[in-house]
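Asks: Listed here are the chains, written in short residue letters.
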Amino acid sequence: MEVNNQELEKNFITTTVDKFLNIARSNSIWPLSCGLACCSMEMMAAAAARFDLSRFGYEVFRASPRQSDLLIVAGTLTWKMAGPLKRLYDQMPEPKYVIAMGSCANSGGPFADSYSVVPGVSEILPVDVYIPGCPPRPESLIQGMLELKKKIQNPELGRKTSDE
Amino acid sequence: MNDQWLDGERLQPLQLKFPEQLEIAADGAQAAVVIAPPALPALMEELRYGADWQFSMLSNLTAVDYKTYFMVVYHLYSPALRQGIVVKCRCEGENPIVPSVTHWWPAEFQEREVYDLLGVFFTGHGDLRRILMPDDYSGHPLRKDFQAPARAEKR
Numbered sequence: 795m796e797v798n799n800q801e802l803e804k805n806f807i808t809t810t811v812d813k814f815l816n817i818a819r820s821n822s823i824w825p826l827s828c829g830l831a832c833c834s835m836e837m838m839a840a841a842a843a844r845f846d847l848s849r850f851g852y853e854v855f856r857a858s859p860r861q862s863d864l865l866i867v868a869g870t871l872t873w874k875m876a877g878p879l880k881r882l883y884d885q886m887p888e889p890k891y892v893i894a895m896g897s898c899a900n901s902g903g904p905f906a907d908s909y910s911v912v913p914g915v916s917e918i919l920p921v922d923v924y925i926p927g928c929p930p931r932p933e934s935l936i937q938g939m940l941e942l943k944k945k946i947q948n949p950e951l952g953r954k955t956s957d958e
Numbered sequence: 006m007n008d009q010w011l012d013g014e015r016l017q018p019l020q021l022k023f024p025e026q027l028e029i030a031a032d033g034a035q036a037a038v039v040i041a042p043p044a045l046p047a048l049m050e051e052l053r054y055g056a057d058w059q060f061s062m063l064s065n066l067t068a069v070d071y072k073t074y075f076m077v078v079y080h081l082y083s084p085a086l087r088q089g090i091v092v093k094c095r096c097e098g099e100n101p102i103v104p105s106v107t108h109w110w111p112a113e114f115q116e117r118e119v120y121d122l123l124g125v126f127f128t129g130h131g132d133l134r135r136i137l138m139p140d141d142y143s144g145h146p147l148r149k150d151f152q153a154p155a156r157a158e159k160r
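These protein sequences, in sequence, are chains A and B. With this note's numbering, the residue at position 158 of the first sequence is 952, and numbering never jumps. With this note's numbering, the residue at position 72 of the second sequence is 77, and numbering never jumps.
It is possible that part of the hints are untrue.
[Said to hold, decoys possible] Straight line, CA to CA, 25 Å or less: simulated DMTMM-like cross-link-like pairs of lysine to aspartate or glutamate:
#1 B:Lys149 <-> A:Asp907
#2 A:Lys874 <-> B:Asp140
#3 A:Lys880 <-> B:Asp141
#4 A:Lys874 <-> B:Asp132
#5 B:Lys72 <-> B:Glu50
#6 A:Lys874 <-> B:Glu14
#7 A:Lys874 <-> B:Glu113
If you're looking for bench data, these hints aren't it; they were derived computationally from the structure.
The shape of chain A in the complex, shown without the other chains:
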C-alpha cells in the first residue's frame, strides 16, 4: 500500500511520552463521587443527561478514591469532615487534582466566620481550580473541568503539588 506524506500528516502527531500521557489523562478524568452539600446537586446535574459531562469524557464518577484522579470538593467543608476528606485525598493515587466548587469550598462562603466551617479547602488541600458561584451552574463546573484539562496538558501553567 502506498501512503503519501500528505495522508501521514493528517493521521500522525509527534510528541513526547509525557505529553501523550497528559493528553490521555486530561481527556478521561475520573472524579470521586464525593458531595458535601448543595453544590453536589449541581455536580450531579452536570453529570446527568441535560448537561452530559460525558461529552468530555469525565462522567465516570468512581465510588472509590483508589480509582479516582480528581476530587471535586462540592459543598461546605466542616472541621469535623476535614479529616475524612483529607484521608480520601491521601488515598487517591498520583497524579491527582482538586477542584474547589462553590463559595464554601473556595473561602468558606457565608460560613467563613463560623466556629465549625473550614474557611476554604485550600486550608487542607492543594487546589488546582476554583469555581465561583453559590452554587455554580453545571456549565461552570464543566468550564472548570475544561480549565483543569488545559492545566493538565500544560503542566508549566501551574505549580505541581510536589513542589510545595
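Dock chain B against the given chain A, drawing on the hints supplied.
Replies: Only chain B this time, still in chain A's reference frame:
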C-alpha cells in the same frame, strides 16, 4: 380525635405527687412543668409509666442558655392517650448537671448534641462525648458567652 388538653385539673395529681419540687408553668394546649434536677428521675418515671400519662415518646430534647441558669427542655408525647407535655429542668450556674433520661427513652444522640453545643453534663449517659464538633474541640458554641474566634486567629 384531637389531642387531649392537659388542663390544670388533670395536672393536679402531678402537683400533689411533687408538691415542693414541681411548678406548673402552663396548662391547656401546651402544658409545661418546671422541675429541679434532683427530682427529674422520679418525675420522668411517673410520666413514662403512670397510667394517666403514658408518655412513651420523647419527641424533642434540647436546652436553653438563660445566662444565669440553663433550662433543659423535654417534649413528651403519649400516642396512646393523645396528649403532650413539656418538662423543663432548671439548672443554676455555669456547669449544669442533669440526670440522663436514656433509662426511659432512646435519648443518647440528643443528649450528646446538647452536651456538645451547650455543655450540659448528663449523669448516667454512658457515652457522653461530642457528636457534631470535632473531638479535640474545646468550648460549647451555642452558649451565650461563646465568642467565635476571629478569622485571623483560626489560621
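Asks: Can you give the numbers of the hints that this structure goes against, from lowest to highest?
Replies: Violated: hints 5 and 6.
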